[in-house]
Structure formats: C-alpha cells, structure tokens
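K.L.:
Given these sequences and hints, build the entire structure.
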Amino acid sequence: MTFSIVDIHPHIISDDESRYPPAPLFGKRSDWSKERPTTVETLIAAMDEAGVARAAVVHSSTTYGFDNSYVVDGCAKYAERLVAVGSVDVLQADAPQVIRGWAERGLAGLRLFTGGSTKDFDPSELDDPRSFPAWELCGELGLPMCIQTGPIGLPQVTALARRFPNVRIVLDHLARPEVADGAPYAKAQSFFDLAELPNIYLKLTPRIFGDVKKDQASAETFFPRVVDAFGAQRLAWGSNYPTSPGTLADILATAQAGLACLSEADRAWIFGDTARRLYPALA
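Take 783 as the starting number for the sequence shown in my numbering and just add one per residue.
Any given hint could turn out to be false.
To be verified - Below, a list of computed lysine-lysine pairs in the DSSO-like style, where the Cα atoms sit at most 27 Å apart: (1) Lys995 x Lys969; (2) Lys859 x Lys816; (3) Lys996 x Lys969.
Unchecked claim - The following label-pair restraints were derived from C-beta to C-beta distances: (4) Gly833 x Ile934: 35 to 45 Å; (5) Ser851 x Asp910: 35 to 45 Å; (6) Ala805 x Asp904: 14 to 24 Å; (7) Ser851 x Glu1046: 37 to 47 Å.
In case anyone wonders, no lab produced these hints; they're calculated from the structure. Ideal Cβ placement from N, Cα and C applies to all residues, glycine included.
P.N.:
Shown next, in the form of structure tokens:
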C-alpha cells in the first residue's frame, strides 16, 4: 500500500497517576490498562514502527471515567498527528456546556461507552431524552459520536441515527455482529440493516478479524458483504492498541491480511480516507 494509514481506535494511559488519577467508569478499572499501559509517547513510537501516520485516540473510560484530561493533553503534544476522542456524561443537564469546554481544549469527537470489558452492555442511556441536547450539539459542532455497544443496542442506534441525521455515528468494533454462521450471515441481519442509514460508520478492529476466522465465517465472504452493504467510505480501521494484545505493527498486519480480498481503492478508504472524512484535522 502506498496510502497514508490512519488508526481511529488506539488508547493511551498516563504513567503519572498523581496528575491523571484513575477513576474508572462503573468503578472497575480494565485489566489491560494496568497490564499494558501505553503513554502517548510510546503510542507515537509504536506508530512510527508500524508505519501509521496519524490517529484518533480514544479516551479510556475504564481508566478515567469522564475525565478526558490525559487524552486531550497527550494529543495536544502531537497535534500534527493525533486528535482526541473523549467521553462525557450526556445524561447530565450541563452536558452541552461540558462538551463545549472539552472541544475548546481540542476534543475532536465523543464516545458513549455502554459496556465492554468491565460491564455488560446497557443501551438504555443511548436514546434517553436527557441525552438529546448533547446529540444536537454534536451535530452543530460537527463532532462524530462513537458508540460502544453490541447487537442489543442496535435498535437504539437506529433510532438515534434517524433522529440526528447530521451526526456521524461510528460503531466501535462493528457493534460485535454474530458471524459464526458464515455466509450469508443471517444472524448478523440486524447489523446489515444499519446500512440504509447514511450517517452510520463502522470501525474494523481486531475483534472482527478474529471472529471471521471462526466456524463458518471467513474474511473472503464477510468483508466484501460489508463493503457491498455500507460502502468502504463508511468503514475505518482501528487498532484497539494496546487493549488488544500484540504490537501495533502486528495488529495492522493482521488487518491488512484480512482485507486483502478487497480492492486497493476500498482499502485506501478503510485505512485512511474514511478517518480523514470523520476527523478532518487528520487530513
């Protein structure tokens, strides 16, 4: 590949807990953030080694809750290569003011973390009317909204995409579709139904590259189906580094191998062009 590679899902953890004290969402800190902490400096080094030009760094909610200080400060140190994606409690009445404050400090996108490594998914807050002012502001400011959920949350995601058509919604980890049954992937129909919503974007992360190697699934049957449904212009690669084990270079190589069945034009979108559309500061 000759195009510039962009990663839209790495994380960073500070090695200075006095300045950036952990305060994990849901009260339990993620194991990976203790076992494989990666500072912004080590992320840049890993990017250099892997050949990743730029990144949209995702705040670690399971380390810092709603305090985006480290991801904002860290990305500001390397503003020519990094932008920050943070988290805000969108159910609070002052959420719009809080979002504006973080945006003034450089936040380029938001993320709703409804569950994951430390808690089962709870999509109830996604379409809670108390969150709607925050969504309206994201549309006004042009901030993409990433959502961490699974198939259980897709009805709420669909409702939000229709209510806020000018907000680009980016689903972390492809929203974890069930693919083990293989082509035509009938168990993932609720996932493919999202394709009709033009403001839905998808992150291809290590999870899906592992899932397509199981049972009846395959990269050669799944990824072309996803591109056919959504278009490569709505797909972007995210490393999930260092949450997912392995070096950034290894994670990228696995993704490149998994997507080798796609055209070079499609891979150019997935490994960079879509990211630059979502986060223009990375262009």
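K.L.:
Run every hint past the structure and note whether it holds.
P.N.:
Each hint, compared with the structure:
1. Lys995 x Lys969: Answer holds: lysine 995 to lysine 969 is near 16 Å, not above 27 Å.
2. Lys859 x Lys816: holds, 23 Å
3. Lys996 x Lys969: Cα-Cα ~14 Å, so holds.
4. Gly833 x Ile934: 35 to 45 Å: holds, 37 Å
5. Ser851 x Asp910: 35 to 45 Å: Check failed, 26 Å falls outside 35 to 45 Å.
6. Ala805 x Asp904: 14 to 24 Å: For aspartate 904 against alanine 805, whose Cβ atoms are near 19 Å apart, the range 14 to 24 Å holds.
7. Ser851 x Glu1046: 37 to 47 Å: Holds, since serine 851 and glutamate 1046 (Cβ atoms, about 40 Å apart) stay within the stated range.
Comparing the model with each earlier hint shows a violation of hint 5 alone; every other hint is respected.
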